[in-house]
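Protein chains in written order, with my numbering: chain A, 198 to 573; chain B, 198 to 573.
Where hints are given, some of them may not hold.
Same chains, same label: a pair holds when it works inside one copy or across any pair of copies.
[What the hints assert, rightly or not] Mimicking DSS-like on lysine-lysine, the simulated pairs with C-alpha atoms at most 30 Å apart in a straight line are:
| id | residue 1 | residue 2 |
| --- | --- | --- |
| 1 | K431 | K309 |
| 2 | K367 | K490 |
| 3 | K489 | K322 |
| 4 | K322 | K525 |
| 5 | K238 | K544 |
| 6 | K219 | K301 |
| 7 | K546 | K449 |
| 8 | K301 | K482 |
| 9 | K367 | K497 |
| 10 | K546 | K446 |
| 11 | K420 | K571 |
| 12 | K446 | K302 |
| 13 | K571 | K238 |
| 14 | K532 | K431 |
| 15 | K301 | K431 |
| 16 | K490 | K532 |
| 17 | K544 | K367 |
| 18 | K532 | K544 |
Please keep in mind that the hints were generated in silico from the structure rather than gathered at the bench.
Listed below are the residues making up each chain.
Number of protein chains: 2
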Amino acid sequence: MAQVYFTPGPAELYPTVSQHIKTALDEHIGSISHRSAAFRKIYQHTDEQLRTLLNIPATHAILFTGSATEIWERMIQNCVEFESFHCINGSFSQKFYDTANDLKKFTHRFEKPLGQGFDYEDFVKVTDGTAAKGEDNNGKVKIPDYVELVCLTANETSTGVQMRGVDINKLKRSYRSKLFCVDMVSSAPYHSLDFEEVDSAFFSVQKSFGLPAGLGVWIASEKCLAKAEQLREKDLSIGSYHSLPSLWKNYKNFETPETPNVWNIYLLGKVAEDMNRIGVEAIRKETDAKAKKIYDFLEKTEGYEPYVKNPEHRSPTVAVANTTEPSKQLIERLKTQGMILGSGYGKAKETQVRIANFPAVSMEQVETLLQAMKPV
Amino acid sequence: MAQVYFTPGPAELYPTVSQHIKTALDEHIGSISHRSAAFRKIYQHTDEQLRTLLNIPATHAILFTGSATEIWERMIQNCVEFESFHCINGSFSQKFYDTANDLKKFTHRFEKPLGQGFDYEDFVKVTDGTAAKGEDNNGKVKIPDYVELVCLTANETSTGVQMRGVDINKLKRSYRSKLFCVDMVSSAPYHSLDFEEVDSAFFSVQKSFGLPAGLGVWIASEKCLAKAEQLREKDLSIGSYHSLPSLWKNYKNFETPETPNVWNIYLLGKVAEDMNRIGVEAIRKETDAKAKKIYDFLEKTEGYEPYVKNPEHRSPTVAVANTTEPSKQLIERLKTQGMILGSGYGKAKETQVRIANFPAVSMEQVETLLQAMKPV
């Protein structure tokens, strides 16, 4: 039976993927050497397409790992000697924080209740090098002086809360001396980050890019590399094959330290190319239009409400809905009609559903879904 | 043009893979949740098929990583507090050693020249707990008392040298108090290891299993887990999401800490099932028969010789040949006939070729290759 996945990852495959997979089989992509010119061409192509799509400058490398989860670890391992700072409002931002603790760093947390989000206005603005010590902060949060890395989550997949790109960019500008890393796992390429400022960001391919899982994409700047090299010079361990210097050295030749997921690197380049053909602005507008449909529906339809109250914090790519119809029943009901919804995350499993609004699903498919979600 | 890859990884896809990929597309394997019953069933199936194929007892878990390279790191990170011991005779055994150094361990190396291998007879036999200090070791090597982990490479892919399974098993029996980890990246399922003794082994899927790259398979025993837990109790960092306790806890439920390469886990289970249908002993015999053809050819044919002199050390799965015809020319010549050979590794690039003899290539294909390799 034909099925459409509105799950927040793994998700619906991008419409062109099955054709690209057939081409990959014909072109022996699964057999070519990762030390061959053929592979380097694939890596370069994917790099160029992502660079265009996400507006990434030459100061930043595009590196591959096994998952976005791996990047939490590599980022902390390579860019924090002592202290990291985390904005936490759900399971995935919490896990980034947990990772830093597992790696024995001194961690700071700024937490908000589930369903709430972070804005630029939540923070004390500091001028570089000028501490705001002893000042009256009017209840605003100051990122402590000794923090080396600020970890933000652009899209908290567990609760459907976004931190808007504009707020992320402004926050970085007021804390320029610190490295900033943005988890955009379930929002890229929607979020428009200013990579002239933002030092690092990452995502996985089974969300908005609509690919099978098994590849993490790590965007990292020369400043991140320099930090990793500093730690290494101090004889601290920054990992082995996937340390930033090791990844970067290979990257300069469009290679990877290990045999990577060549297959997915190839597919990612092809899908990014397809997206560039549409244009990232058109994709963002289409995402906004579909998101509006979804949230309007949730606000106006008996039995539903958007979980996130503040419209500015509502994720355009993962909408979370409170549902009076038990979510299990709703999910089963839609499944019989060929539409797969995500369940609520963790404790919200019974009372919420998550609707992924990735580029792989069309406005028409969203409309069909909403029609089917109407109370019976 | 139809091509056959005799490259030592990535390699020729197993003949059934393209059909399994089509089924995976039909069954939405790229979209299903990694927290669903459907995924747990896939993991369990792959686990069961590998357990049968490699004769793995219930004391050992089968865990997934992004690559075999990652497992070098995870093994050292989780199972070595201070000291590891490495048998080194090529680039890949060297890299396992380098990884331990990157992680700041105290490393011991027993090195042999490229092209030579290790036997049980190279080592002093010690009875558990009885040090052989001060004894005349007759030139044999004693693994030092404080070593916690012994790292062996069953198949040195760079030089085509094997350490026979029987020697690995005997060596472990004479050093029972130490953990043993065997890199069987390019030999599984050929090497028959005694997992009642051997604590850990690992491989990647783009070699003998004939899959696209992007998945490492880590077999680890309860003893390895206990060691990792000991280190954690001492407040040492054993990594984060891919620490052995984290992987193991998820494994008990047939899940993974991160969103894994679901696609490849599915394909691996299918290929292992196909292999079990043939039977691992039949596959080993077929590998031996094809290897005999290859080495006989190299010994008897003008312009070639086997690089590895000692027949017992010659890898059945990756044969390395010295060639008088410049290897680049030979490789180009065969490529025009649709057959892709591996070049020599590193410094041997110009003077050697590597011929992978994995289950994906048939006796008939090997014969066609050897026919084509004859001097022109």
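Consistency of the hints with the structure:
In this assembly of identical chains, the alpha carbons of K431 and K309 never lie at most 30 Å apart, being 36 Å within a copy and 33 Å across copies at closest. Within a single copy, K367 and K490 get their C-alpha atoms as close as 29 Å, which meets the 30 Å cut-off; across copies the closest is 67 Å, which misses it. When the C-alpha separation of K489 and K322 is checked against a cutoff of 30 Å, the pair qualifies neither within a copy, at 32 Å, nor between copies, at 73 Å. Taking CA atoms no more than 30 Å apart as the test, K322 paired with K525 passes in neither setting, with 45 Å inside one copy and 61 Å between copies.
For the homomeric pair K238 and K544, the shortest alpha-carbon distance between copies (24 Å) is at most 30 Å, but the shortest distance inside one copy (46 Å) is not. In this assembly of identical chains, the alpha carbons of K219 and K301 never lie at most 30 Å apart, being 45 Å within a copy and 45 Å across copies at closest. In the homo-oligomer, the alpha carbons of K546 and K449 lie at most 30 Å apart only across protomers (22 Å), although the nearest pairing inside one protomer, at 45 Å, exceeds that limit. In this assembly of identical chains, K301 and K482 lie within 30 Å of each other by CA distance neither inside one copy nor across copies; the values are 42 Å within and 50 Å between.
In this assembly of identical chains, the alpha carbons of K367 and K497 never lie at most 30 Å apart, being 34 Å within a copy and 72 Å across copies at closest. Taking identical chains as interchangeable, the C-alpha atoms of K546 and K446 lie at most 30 Å apart only when they sit on different chains, with a minimum of 21 Å there against 44 Å within one chain. In the homo-oligomer, the alpha carbons of K420 and K571 never lie at most 30 Å apart, since the shortest distance is 50 Å inside one protomer and 54 Å across protomers. Taking identical chains as interchangeable, the C-alpha atoms of K446 and K302 lie at most 30 Å apart whether they share a chain (26 Å) or sit on different chains (24 Å).
Taking the shortest Cα distances, K571 and K238 never come within 30 Å of each other, neither inside one copy (49 Å) nor across copies (33 Å). In this homomeric assembly, K532 and K431 never come within 30 Å of each other (Cα to Cα): the closest approach is 55 Å inside a single copy and 48 Å across copies. Taking identical chains as interchangeable, the C-alpha atoms of K301 and K431 lie at most 30 Å apart whether they share a chain (17 Å) or sit on different chains (12 Å). In the homo-oligomer, the alpha carbons of K490 and K532 lie at most 30 Å apart inside one protomer (21 Å), although the nearest pairing across protomers, at 55 Å, exceeds that limit.
Proximity of K544 to K367 under the C-alpha cut-off of 30 Å is found in neither arrangement, the shortest distances being 33 Å within a copy and 51 Å between copies. Taking CA atoms no more than 30 Å apart as the test, K532 paired with K544 passes inside one copy only; the shortest distance there is 22 Å, against 58 Å between copies.
Comparing the model with each numbered hint stated earlier shows that hints 1, 3, 4, 6, 8, 9, 11, 13, 14 and 17 do not hold.
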